[in-house]
Each structure stands twice: as C-alpha cells, then as structure tokens.
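Enquirer: Taking this note's numbering, I'd label the letters of the sequence shown as residues 1 to 88.
Possibly wrong hints are sitting among the right ones.
[As the list claims (entries may be wrong)] Dumping the calculated PhoX-like pairs for lysine-lysine here, alpha-carbon to alpha-carbon at most 20 Å:
#1 K63 - K76
#2 K42 - K63
#3 K37 - K69
#4 K68 - K9
#5 K25 - K84
#6 K84 - K42
#7 K84 - K16
#8 K25 - K76
#9 K76 - K37
#10 K68 - K25
#11 K9 - K42
#12 K37 - K68
#13 K84 - K33
#14 K85 - K25
#15 K42 - K25
These are computed hints drawn from the structure, not numbers from a lab.
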Amino acid sequence: MANHVSALKRVRVTEKRTEVNRMRKSRLRTAIKRVRKLIASKDATGAVAALPSVFSIVDRSAKWGIIKKNTAARYKSRVSAHVKKLAA
C-alpha cells in the first residue's frame, strides 16, 4: 500500500476515475444493445429514432478514451448500415 500523501491521493483519484469510466462504458454498451435489439425486432422507426443518441454516446466515449476512435467509427458504421438496410 502507498505511504506518501501524493501516492495515497493517486489511489483515491484512480478509484474515482475507474468508477466513472465503468459507468460510461456500461452506458455505451447499453445504448448499442438497445439499438441492436430494435434492429433484430425489425423496428425501423425505433432504430432510426435511436440512432442519433447512440452516435452521440459512441462519439463521447471515444473522446473520453473509453474506446478508441477506430472502434467508435466501426460501431457507428455497422449500426448505421444495419439500420439503413432495415429502413430500405
């Protein structure tokens, strides 16, 4: 265990940041699951309506470093392709 004041503070800060990152990653996964469920149930209007919020969460997650930029682009591309195919 850390003994220096600065090391103890780093432990506290790391625990807080880990909790925040865990919450954000959970929110991202839930949003993606929600739109995938709409696609699977063939609900085109619901999927199209949910797309902007999912894109927003994916972009913010990439900005915060929860996922990498290319991973965010891949998620957005695949989801939008499925929604476009469903809407057609």
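Enquirer: Next, verify each hint and record whether it holds.
Expert: Status of each hint after checking the structure:
no.	hint	verdict
1	K63 - K76	holds, 14 Å
2	K42 - K63	violated, 31 Å
3	K37 - K69	violated, 24 Å
4	K68 - K9	violated, 28 Å
5	K25 - K84	violated, 26 Å
6	K84 - K42	holds, 12 Å
7	K84 - K16	violated, 39 Å
8	K25 - K76	holds, 16 Å
9	K76 - K37	holds, 15 Å
10	K68 - K25	holds, 12 Å
11	K9 - K42	violated, 50 Å
12	K37 - K68	violated, 24 Å
13	K84 - K33	holds, 17 Å
14	K85 - K25	violated, 27 Å
15	K42 - K25	violated, 26 Å
The structure fails hints 2, 3, 4, 5, 7, 11, 12, 14 and 15 (numbered hints given earlier, in ascending order).
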